[in-house]
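Trainee: Could you build the full structure based on these sequences and the hints that come with them?
Protein chains: 2
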Amino acid sequence: MTESNLARVLQDDPAPAAGDGEAFVVFTPSGRRGRFKLGTPVLEAARKLGVDIDSVCGGRGICGRCQVDVNQGSFAKFQIESRSDNLTRPGAQELRYAEKRGLVDGRRLSCSARLVGDVVIDVPETSQVHRQIVRKRAEARVIDIKPILKLHYIEVREPDMHDPSGDFRRLCESLREQWPDWGIAQDVSCDLPVLVDLQKALRKGEWKVTVCLREGRRVVAVWPGFREKIYGLAVDIGSTTMSAHLCELATGEVVASGGVMNPQIRYGEDLMSRVSYVMMNPGGEVELTRVVREAINHLATEVAAEAGIAREDIVDLVFVGNPIMHHLLLGIDPTELGGAPFALAIDTAINLKAAELGLTLHPDARVYGLPCIAGHVGADTAAVILSEAPHNQDAMTLIVDVGTNAELVLGNRHRLLAASSPTGPAFEGAQISSGQRAAPGAIERVRIDPETLVPRFKVIGSDLWSDEAGFENEIRRTGVTGICGSGIIEVLAEMFLVGILRTDGTIDGAAAARSPLIEPDGRTFAYRLTPEVAIVQNDVRAIQLAKAALYAGARLLMDKMGVDSVERIILAGAFGSHIDTKYAMVLGMIPDCRLDRVWSVGNAAGTGARIALLNAEARREIETVVRRVEKIETAVEPRFQEHFVGAMAIPHATADYSNLAAVVTLPARTAGEVSSAGEGGGRRRGGRRGRGIE
Amino acid sequence: MTESNLARVLQDDPAPAAGDGEAFVVFTPSGRRGRFKLGTPVLEAARKLGVDIDSVCGGRGICGRCQVDVNQGSFAKFQIESRSDNLTRPGAQELRYAEKRGLVDGRRLSCSARLVGDVVIDVPETSQVHRQIVRKRAEARVIDIKPILKLHYIEVREPDMHDPSGDFRRLCESLREQWPDWGIAQDVSCDLPVLVDLQKALRKGEWKVTVCLREGRRVVAVWPGFREKIYGLAVDIGSTTMSAHLCELATGEVVASGGVMNPQIRYGEDLMSRVSYVMMNPGGEVELTRVVREAINHLATEVAAEAGIAREDIVDLVFVGNPIMHHLLLGIDPTELGGAPFALAIDTAINLKAAELGLTLHPDARVYGLPCIAGHVGADTAAVILSEAPHNQDAMTLIVDVGTNAELVLGNRHRLLAASSPTGPAFEGAQISSGQRAAPGAIERVRIDPETLVPRFKVIGSDLWSDEAGFENEIRRTGVTGICGSGIIEVLAEMFLVGILRTDGTIDGAAAARSPLIEPDGRTFAYRLTPEVAIVQNDVRAIQLAKAALYAGARLLMDKMGVDSVERIILAGAFGSHIDTKYAMVLGMIPDCRLDRVWSVGNAAGTGARIALLNAEARREIETVVRRVEKIETAVEPRFQEHFVGAMAIPHATADYSNLAAVVTLPARTAGEVSSAGEGGGRRRGGRRGRGIE
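Respectively, the protein sequence lines represent chains A and B. If you count by the numbering used here, then the first sequence holds residues 562 to 1255, one letter each, in order. If you count by the numbering used here, then the second sequence holds residues 562 to 1255, one letter each, in order.
Do not take every clue at face value.
The list makes no distinction among identical chains, and a pair is therefore deemed to hold if it is satisfied within one copy or across any two copies.
[To be verified] 20 Å max Cα-Cα, derived SDA-like pairs, lysine to any residue:
1) Lys761 - Ala1074
2) Lys1192 - Ser726
3) Lys914 - Arg779
4) Lys1192 - Met722
5) Lys914 - Leu753
6) Lys1143 - Ala746
7) Lys765 - Pro843
Hints were generated in silico from the structure; no laboratory data involved.
Mentor: If you want it as structure tokens, here you go:
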């Protein structure tokens, strides 16, 4: 027991009354306490007090989930002396467990240990049903494990001709009898595959089986004998890549992860070309649906093999994806999402059997799909919200999930807005002359010497900078093959900071005088990073368009929210996980914000899917939150276009970046520099400058 | 309006208060009444008063389900003058309906007709949602139509980019808005196939669709435009034959019926040989399951074609069958049912999607299976209970469902017992030398002249007796091919009544002196009906064994119930539908009972399936009743054997048949006649006579 737990418990207590033939028990960290007859198993006392102790075997000394520690010593407040020998000594069952599975010194199985005197019992985190997963980022929400599925080992009464009843009825009766304090429903039901295999499972297990129960009322699986672990899969279906995390459902542990390219790519690189494919090939959605379902089956096989389990051990699956991925997985023709008014078929959460989607996991495995928010804002964004929980924040939070489109969420506990911005694929390295996906050989970090304009950089696959000893050796296998999204952001931001790039996005020919790395390129200039990789003017333009769309979307949401600044910014998405938030701000991708309140969180959609997999309440939570989200359609908002134009400049034609300026020295900006770039030129009345660049 | 309806309404009424700009409306037969603003549609007034008027189109003058009559005349009690012109004159919509679909003189569409003055409105049976089907037998329960599925025609709001929401959400909103008084749930959900087709259905119907809703909360189907009818299938899976009734769900009308042989017959004639097949051929249940599912698909195709509808118009299916048929349809290996303790896999009702059973009806069609009662007493017996409703009777009722086994139910509203008796297939014509199934050419009725011992008979396919003119001509096509179950019962009973057959079941050689139709047959005698058909001694023995089992089962239940007689007897089953109840009693198949309280009701299991199909509450009813049924296992009851032995005699060695004796002259019985037959011979102490015959 930790000091603080103990201190908390000791704070608020009446001294126990004496009782003959009874023992006084205090559980920590919950602080719950009570008197029980001598001989009561500790687990029983705990369940009676509502103390959260896990069990799979129902108190038979098999599973070892119910381990506890005895706090030794004198507890004056309770007027008790807690001693480990105030529990019965380990019996045969407990010793057998200790021998077979090991038991940390002093630990007891609470189902076997019985009260013979007063004790203070500590329930370690690992013995709780509702344990927690603390995340790496200090400010991120803790993941509570509140499994929707729970294993129950039971012994079923054998059939009796004199009192005939179906095997399933007796199974349900045993469940309720042997797990009395676990809230098992009166009307437990089951799926057909359970029923088909039930009689054989009962007889093979000699009437001892492990039942997997969903929300205390639906039998999802029955295995002969004792079984300890079940698994779930959290799947994030991106338009380009699909990833899956295999989790042990009781602990939340990720036991294997995998990823594959989305096989739909062969029908179209981006979302709209896939919708076009369906439009041009009536019934084509059937094929797109088939391949994505196959890919999930493939992923499941892969992660199951990695974890050394059978695919049939996977009993639950949660999926997230943008609306088109979401609809195609379900077999819904995405045509309506390809044009205004972008109507979703359904905007509520999806609950299905895996078999209905052709997914071959456990025959009764379930599928949960987080709700889509709007035609452009999908279940992936819902998952990001679940992961980053802006609705639990006081601070005005902007979440940017960057993919081929950028999904944006702005708000706090009072109000949430969401929109999608058409950034295009530039951030992913497409449309960039030397661009490539984030893979070994790609430049991902860049620094430019402000005097010499000579770059140094890092390449995926090596931890060394290019000017460090051994770098050449480390990248010998791949060489430098191109530059990925995060590299582009950094090189442009650095080019801007050292004066190679002007506010209007022009590569400054005047800089050619400072270094031969600035090369003429037709009527424009290029900046050479390596013999293979250079940044040309059109690369800058592509990123300007993308970042202006991103900024304009965020700014539009801020307008709608009626705020001029945000207090927190979260960059999500595979892209977001690699970029340096400072450089994103230097380029003006995102609004100004204190830099220590800007986080790059990686695949938050995948994390959200994992939370929904592990916590039944989180599903209800996101379903409720999503209904509250106000959807903003950028395409029909005239102000989006206005914001877009202003946001072409670096970092922005007019926006205040005072937080950034406090930590980075931004080049001085001249009015001429901006106006010379705008085709419309000049300033507007009311202080709005710049009609945008190109 | 009928006189009695009107009289009832007029009995209990306060005079209406006058009101400006309002009309007073009385609905009959419900008697509900109220004041409404002038201009209120009659349908709206009715719904507000909770009057049961049907509608599919939601008051758009399309479906014509809401037709009503105006009662003309002066209603002193209400101080009103009800006149047909106190409703608005038919408008364009109503006239169009009358022109296209026809409208009986004076009938009005209550959705179109609006109040302009006081009226007494009669709602005809055909306009009620909860109409009734009165059955032919006066004492049989009326079938209430309380459909689990209901059609709702709606106009769905089109998607709006400024207020994005999924098509399914808008559909649900429209349902609730346009059907406000129909108890539609807040959380309507749907199946995947509905979702997959939803967007196309909405756009094809130009945002006008008909929704099929299950219990007000689950969308089962969405069709573009207006649709008026949906269908359900009630399926009775017998071991030998399978039958199906296709019903229109709103009216309960049987629009087509069909039957096929159970294709499992090729794996075994009777139930136990099919179980043996599975035991000998591991995995053989898969094949048995496949063929029975195929047969249902085949039946569905057949009845749908007969009714001129598509198989996809069938949205619900109810099945009944004995436990082995029930389990095999579900894909459950029936091995456990083949031996003690005869454990069912499940004894509760089954709710599935048709697709889960490989049934290709509407993609979202549901399947309901009535609960099995015990290992030998199946869902077919549950259906018989539902049809014959002994649990609603004060009178002690015995129900005998005769098939290869006989299922027996005894009880009343206070208590119900059930058992199965191993009668074997003799009643179905098997094991009988000239026996055959009930088909054209089979003798089904027999009378024997008490003087000449010459028989006359009827043959299936002709309404004439064999001694009537034209008989030979009528049966020329088939000839006389054999004798079916009901014919065997009658001929044996008649043989007994005219003295050819002795109480012990011996064909009396002495009768040969009276007629050449009694022929020597080895060491026994035979009775010749026609040149082709004779009754031999072994035929009598086979029927004796079967009827003794039947009687013993009934008697065992009576013992358990503590009664010496029953007040009502219902003979169910295809066999039961053809036999003359008097002859069944003469043979001693059933206990003594007033003959006018013995009914032969035909396929009551099929009727029960139909009731469950048409009435959601009936499903809850039978689920509850079945739990109350006490199951008696004949195989483990020593008294069954005792009763069996006594019941070999005709009608019985000891039982009192005073009711029967009052209407039929039973041959005098001598002690010698009985004791000579019994191998054990003699009388027992305590009055129990006869140790049985052979």
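Trainee: With identical chains, the pair lysine 761 and alanine 1074 could be close in the same copy or across copies; at 20 Å between alpha carbons, which is it: within, between, both, or neither?
Mentor: neither (84 Å within a copy, 63 Å between copies)
Trainee: Pop the pair lysine 1143 and alanine 746 into one bin, within, between, both or neither, using alpha-carbon distances up to 20 Å.
Mentor: neither (53 Å within a copy, 51 Å between copies)
Trainee: As a check of your reading, is lysine 914 near arginine 779 (CA-CA no more than 20 Å) within one copy, between copies, both or neither?
Mentor: both (13 Å within a copy, 16 Å between copies)
Trainee: When no copy is specified for lysine 1192 and serine 726, does a C-alpha distance of 20 Å or less occur within a copy, between copies, both, or neither?
Mentor: Between copies, since 9 Å is at most 20 Å while 54 Å is not.
Trainee: Is it within a copy, between copies, both, or neither that the alpha carbon of lysine 1192 lies no farther than 20 Å from that of methionine 722?
Mentor: between (62 Å within a copy, 9 Å between copies)
Trainee: Is it within, between, both or neither when you check lysine 765 against proline 843 at 20 Å Cα-Cα?
Mentor: So lysine 765 and proline 843 pass the 20 Å test across copies only (16 Å; inside, 50 Å).
Trainee: With identical chains, the pair lysine 914 and leucine 753 could be close in the same copy or across copies; at 20 Å between alpha carbons, which is it: within, between, both, or neither?
Mentor: both (11 Å within a copy, 10 Å between copies)
In summary, the numbered hints that this structure violates are 1, 6.
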